[in-house]
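Visitor: If you want the building blocks of each chain, they are given just below.
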Amino acid sequence: MASTDVALDQGTDSRQDRGPVVNNFSIQVATVNGSGSQSANSVLVRTIFQMGVPVSSKNLFPSNIAGLPTWFTIRVSKDGYVARKRDSDVLIAMNAETAAADVLALKPGSVVLFDEPLKLNALREDLIFYSAPFDKLVGPVSSDAKLKKLLRNMVYVGAAAHLLALDYAEVEEAIRKQFRGKVRATEVNLAASRAGYEYAAANHSVSRFQVQRMSENANKIIIDGNEAGALGALFAGVTVVPWYPITPSSSLVESLTDYLKEYRVDSNGKATFAVVQAEDELAAIGMVLGASWAGARAMTATSGPGISLMGEFTGLGYYAEIPAVIWDVQRVGPSTGLPTRTAQGDLLSTAFLSHGDTKHPMLLPASVLECFEFGGAAFDIAERLQTPVFVLSDLDIGMNHWVSDPFPYPDAPLDRGKVLSKEDLDRLGGFARYKDVDGDGIGYRTLPGTEHPDAAWFARGSGHNEKAQYSERPEDYVNNLDRLNRKWETARGIVPAPIAERSTPGAKVGIIAYGSSHWAVVESADELQQEQGIAVDYLRVRAYPFSAAVNEFIAAHERVYVIDQNRDAQMLQLIKMDIAAENVVRLRSICHYSGLPLEAHFVTDSVVSQEQK
Amino acid sequence: MATELNDQDEVRPTNRIGLSVMDYRGARTTLCAGCGHNAISERIVEAFYEMGIQPEHVAKLSGIGCSSKSPAYFMSRAHSFNAVHGRMPAIATGAAVANHKMLYLGVSGDGDTASIGMGQFAHLMRRNLSMIYIIEDNGVYGLTKGQFSATADFGSKLKTGVVNELPAVDTCALAIELGATFVARGFSGDKKQLQALLKAAIAHNGTVLLDVISPCVTFNDHEGSTKSYKFIRDHEEPLHDINFVPAFEEIDVEYEAGSGVGITLHDGSKMRLTKLEEDFNPTDRIRALTRLAEARENNEVLTGLFYLNPGQPSFTDMLNLVDQPIGTLPAEIVRPSKSVFEGIMKDFQ
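Line by line, the protein sequences give chains A and B.
First residue of the first sequence: 0, per numbering that gives the first Met the number 0; consecutive thereafter.
First residue of the second sequence: 0, per numbering that gives the first Met the number 0; consecutive thereafter.
Everything labelled a hint here was simulated from the structure, so no lab data went into it.
Cβ atoms here follow ideal geometry from the backbone N, Cα and C, with glycine treated the same way.
There may be inaccurate statements among the hints.
Output of the computed footprint for chain B on chain A, the stretches with three or more beta carbons under 8 Å from beta carbons of chain B [stated by the list, open to error]:
1) 207-220
2) 227-239
3) 343-355
Model the full assembly from the supplied sequences, consistent with the hints where possible.
Guide: As structure tokens, this is what we get:
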């Protein structure tokens, strides 16, 4: 965790006596969806980032274009914790409809910045209220009614900057960066923010929640997981991208499209890529398979409903042995469900997607860095294994902005797998598409268009022999399935290995987690050790199929808590199928499925209560 | 093997690229004797042989059904992809985008197209992807033993006596409506017309929808069926005689003034549509749709070339791709440089 060079508060005690709290609090901005608060919130986050203080944010938004309530939470943590925090310390109450409930939910001693006419200070006496007349302040900045509505948000940025002791020069810098290249927008936003800042400075003292400069963010970047995944694909040479829009994955393909248009057009203005908006996800995955069959690095991105629709084609991809990269940015539930809420609910349905005997490698990124790395590695793995590979991110990683070390340029050569050229065929005098020549379960393929009379093979479903000819012979079918299992064993050594994130000598309790749960688990492990005296080891699983390390970790601990963001303990179920039978009894489950990102107290409380049993 | 036969038989004729017709053959058919689909496979072999298309430059695609089995029965030297039911268009689209230099030949059926595959069919037509899409159309599901498909005519009767009470989907009218640029209907029993249509299809750039009435001898060839050999022979109304002259044959055929319509295809090949309905001009989209509606009213099985627009850019033309197939571009082209990467990272700081 990050070290610190500033004077710090003493934790919860100081809250009760209302002393200052420095670099360890969280802010909740309550606004109306579609009111344009996104830019304002980004400026707040960026300002704290520029001040070198660890910061994270979560946008908790409804499935709606405009009108419904939305909350943006910002966590400032000198220790570098970035998981969602259960309670907010500072409320910026901009939504008249939810303001009263938002205020009533706060802990005593919290701070509220509110729009003066809402008179929220009448609601409670154990909070610290600061008001500002937002409409009045925005009046002189613009006469355009529509623009005023947007600029009110920048007024709260200025007012909050004073209350939180932000360095105002950094606020202005962040506004300039936010509206880069847009002179007029920069000007009015600077003016709106200044109006808020000056009003607050003239009428209020600095609040007890304060930001003081640190130096934790040198060279770091702020990016969301979807854009990171897009960059991973871009620098892996992605070439064909068929897709169907769906929240929360759309921004992945949209940012990828922007990058491709910029960096994959040759000097004659001709494209070396194709993005195709398909009619549905059934077509999107079909186009990926068609393009990969013809030799392209092809991918699509979707969410749970799209994964369901891709089922049949994925099974064909598994048996015809065609590479494919499919991103699943997971969200809650079928149909309307909760499309803007996060979950890890697609693990089991994706692992065995389709019918018959099928199973698929899944990569499980926990960070924006891994979205980038796995976004590239997925192509190497899919082409090496000649099979569909899924990257399971979620809305929390995909759509929230995260601070990260800059990504490394991937200079390893692209692994295009076992592809035979015309020259290879001349030398070999032909080939059998599904013959296990190397003992790793992976055959050799040719690409359509290879100029050789023996190059062609027939891509079809599970009923085929080694030469890809239609066959219903039982021996051929069994041979094929057994070879595919050998390939699965090969996959164990190719997919990203699990990481021992925390090792404490003598720890009897283990935690296994994956994906976005990681950040809450890191914080919880500290809490368990420091507040409960429970030493835990933590293994982070990064892919399916599992390596032997997962079974070994479980065998080495008396009790292992598997953390899932779904109701039915899907990771635990997958692990159960894979490990030695005698280790299954060591597994315990912690499941979080409210649609909100996981937070540390939930994990800590769950471990503590089960440990007491 | 074709080469062995060539060794034994020096006089076996070859086409303009030096291949014999044997080089265009496939595995032995497993469809019923007399199935219209087998005749279509034969016409495909002849057309590709006579047009001198390198089999390695052809990709055969299909969905599921009797029709979709048939790519195994012609051109073994061409790559092939047997997709899932009704979803061959997606495979074709992905492949054609990755490698726009190949010639894509899809074989589907009436169930595969007009029921389960209706969505993908419609969007394929809209995109005008450069491919030949053949529907081997018999009005019934064969592999599942004779249920009606969505192209079965209103009032047509199954062997069991069940009468179809739903209107038929006219895939040709639909294709014209949706944007296909070469739309024709043939009959598996009309060898000359089908061969001319196939050759013209090969010469076209854009989506070719070729609906071929192809009677099912097992489930739909009885009295009361509107897709039996007898019914089609009795009711077929060819719009015109089609004369096709490929671009590589430098023959200038003299036609009498006013004798039908002459059309130049994308690759320079020429078509002459003569006799019968001399006023019918297949470049007139509205007229084509009207004529199909009239045929439906009059219970005619109208065949021929209904619509042709040789000038419309194909889907891959619209993507403005580099000349080389994008699927096999080298890493130097597909992976942007380190300096580009560092610039992007800086933007996120």
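Visitor: The structure should be examined with respect to each hint, and the outcome stated for every one.
Guide: Each hint tested on the structure:
1. 207-220: With 3 residues close enough to chain B, the hint holds.
2. 227-239: With 8 residues in contact (Cβ-Cβ under 8 Å with chain B), the coverage given for the stretch 227-239 of chain A holds.
3. 343-355: violated (count 0)
Of the numbered hints listed earlier, the single one contradicted by the structure is hint 3.
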